[in-house]
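*Asks:* First residue of the sequence shown: 15, per my numbering; consecutive thereafter.
Mixed in with the good hints, there may be bad ones.
With a cut-off of at most 25 Å between alpha-carbon atoms, the simulated SDA-like pairs for lysine to any residue come out as follows [unchecked claim]: (1) K405 with K420; (2) K83 with S119; (3) K113 with K430; (4) K343 with W249; (5) K430 with W469; (6) K375 with P339; (7) K275 with K113; (8) K264 with R121; (9) K105 with P444; (10) K344 with F509; (11) K420 with P368; (12) K256 with K375; (13) K344 with V308; (14) K420 with S394.
Label pairs and their in silico Cβ distance ranges [stated by the list, open to error]: (15) G284 with G95: 39 to 47 Å; (16) N69 with K420: 33 to 41 Å; (17) R82 with D425: 12 to 20 Å; (18) G489 with I281: 19 to 27 Å; (19) T526 with R65: 26 to 34 Å; (20) T526 with G284: 31 to 39 Å; (21) S394 with I457: 52 to 60 Å; (22) Y398 with N490: 53 to 61 Å; (23) N182 with N488: 31 to 39 Å.
Hints in this document: simulated from the structure, not taken from any laboratory.
Virtual Cβ for every residue (Gly too), placed ideally from N, Cα, C.
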Amino acid sequence: MSDSTLRLPALSIFVISLLYYLFARRRHRLGRLPPGPAGLPLIGSLFDVLRDKSNTKPQHLKYLEMGRKYNSDIIHMKVLGDRTIILNSAKVTNELLEKRSAIYSSRPPMPMLVDLSGWYWDFGFIPYSESWRTHRRTFSRYFMSSKVHEYHPIQRKETLHLLQNLLNDPDNVREHVRTYSGAISVRITHGINLEQDRMRYSELADRAIQSFIKAGNHGDFMVDYFPLLKYIPSWFPGATFKQKAEVWAKDVSDLNELPWKDVKSSIANGVAIPCIATDGLEKFSSQLDEMEEVLKNVCGVAYIAGGDTTSALLLSIVVALVCYPEIQKKAQAELDAAVGQGRLPDFGDRKGLPYIECIVKETHRMWPVVPLGTDHYSISDDIYEGYFIPKGTTIVGNTWAILHDKSIYDDPMTFKPERFLEQSGKQCPPDPTLYSFGFGRRICPGRYLASDNSWMMIACILAAFTIEKALDTNGNEIEVTTQHSNGALSYPVPFRCRFTPRSPQALDLLETGFMGQEVAD
């Protein structure tokens, strides 16, 4: 064997060793990584992750326990070269995702959710870029705080539909609440009447959102840690994740494409209802080559986000009112004193009903809809309190942990709306929506509409009904639990309840509606 043949492997080993030494020296100079599982060479904490798959405990609780184990509110773990840092406190989350948002506002690669399941059109998952800014700017044009009052007539109409549905068919409360929030969104975005097209759109949305629920948390599927897996064929042994993704991708694509095709068809036939799609296509008519895709995506995101995240929150509020009847009675006493029993509450009454506002806030805190938020991504190296955070790290803000921190929220496992009541000499804890709607530059831009939807529904339900546990065939109450599902989106587990009109006068409100206020056709 020649000297040159021997020299090549030796040179390769030397270069690799030198690069490793320089990287290790640089990392040591910059700072140590946050505490966390040590892992093994090359594969990191892969075996820990695989063992963890059999543990059905929610991921936000696993991360919280990990933080306690390492006595730190910032945790690092590495799997197959993929780095993740978990933030378990408001302090570190505010410092990184808010104050240093220039570094932490991007999104990580999401092989299962975006590449395979088809959510590439949702700008909530787009990396921080000019494309994201264009989508966000266009979305905010229609959902800023000064704009959402224009949608009040639609919200009033759908609130009346909801009240009537709850009276006539209380066993399907989950479906009715989802229809309420979805109907408001799709009427605003596409001018579509969901009551007429419920089967076409609601069932499609239900199927499509399953991919986010099951694949929305980083590491839900191994392909998130090892992206090359996305290239194996779906028939390959062990590639069931590809088969799932193929089914999801069809529904996710249809969710964005079908409503857009319908609204364009309505425009062509001269029967379109004014909405964001019609307004945008007119306003950007000279830029449609570059803007039509943006408009379609904006409408699609507003539809699915408004329908599913809002309905999860609303169902949690209903569960709370069933489980804590004393809170329900206190809210109704406030309504009767401020509004009376002769009409339904309206948006103008909101400031005079602080306790109902507190119920909504406490539900955001107790059961955040997205317990782990949506992942952020570091675009450059950073140092935080001596810890080195490398470029290209996935950053997970543990929303649930923040909102159950006993140093911020006293008695955090108890549902106490009064904690947010402003009282003389008492400082209220932070508004939980500062965290439940996301962080920094990626905070949910639809939060103002979601807030109006939530308040209107709960205020009107409380005005019209007493909400109680359902009865079985023997007249015994069927227990309701506050348990929630495990996934990227958190819903109350299925439950049943009764909606009993508070009085004959309250029953009349379902017919008279919002007297003197504009209601959409």
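*Asks:* Starting from the range 19 to 27 Å, see whether the pair G489 and I281 falls in it by beta-carbon distance.
*Replies:* 55 Å, violated
*Asks:* Is the hinted pair K105 and P444 satisfied, with a Cα-Cα distance of at most 25 Å?
*Replies:* 12 Å, holds
*Asks:* What's the verdict on K420 and S394, does the C-alpha distance respect the 25 Å limit or exceed it?
*Replies:* Violated: K420 and S394 sit about 33 Å apart, past 25 Å.
*Asks:* Has the given pair, K405 with K420, been kept, meaning a C-alpha gap of at most 25 Å?
*Replies:* 32 Å, violated
*Asks:* Given the proposed pairing of K264 with R121, does the C-alpha separation stay at or below 25 Å?
*Replies:* This hinted pair holds, its Cα atoms lying about 23 Å apart.
*Asks:* Sort out whether P368 lies within 25 Å of K420, counting only the CA atoms.
*Replies:* 24 Å, holds
*Asks:* If I claimed the Cβ atoms of S394 and I457 lie 52 to 60 Å apart, would that claim hold in this structure?
*Replies:* 21 Å, violated
*Asks:* Straight-line Cα separation of K83 and S119 no greater than 25 Å?
*Replies:* Distance of about 28 Å is beyond 25 Å: violated.
*Asks:* Evaluate the given range 31 to 39 Å for the C-beta pair formed by T526 and G284.
*Replies:* 34 Å, holds
*Asks:* Quick check: does the Cβ-Cβ distance between Y398 and N490 fall within 53 to 61 Å?
*Replies:* Once the Cβ atoms are compared, 55 Å apart, the range 53 to 61 Å for N490 and Y398 holds.
*Asks:* Is K275 within 25 Å of K113, Cα to Cα?
*Replies:* 41 Å, violated
*Asks:* Measure nothing beyond the straight line between the CA atoms of K430 and W469; if it is 25 Å or shorter, mark the hint as holding.
*Replies:* 17 Å, holds
This entry does not satisfy hints 1, 2, 3, 4, 7, 12, 13, 14, 15, 16, 18, 19, 21, 23, going by the numbered hints stated previously.
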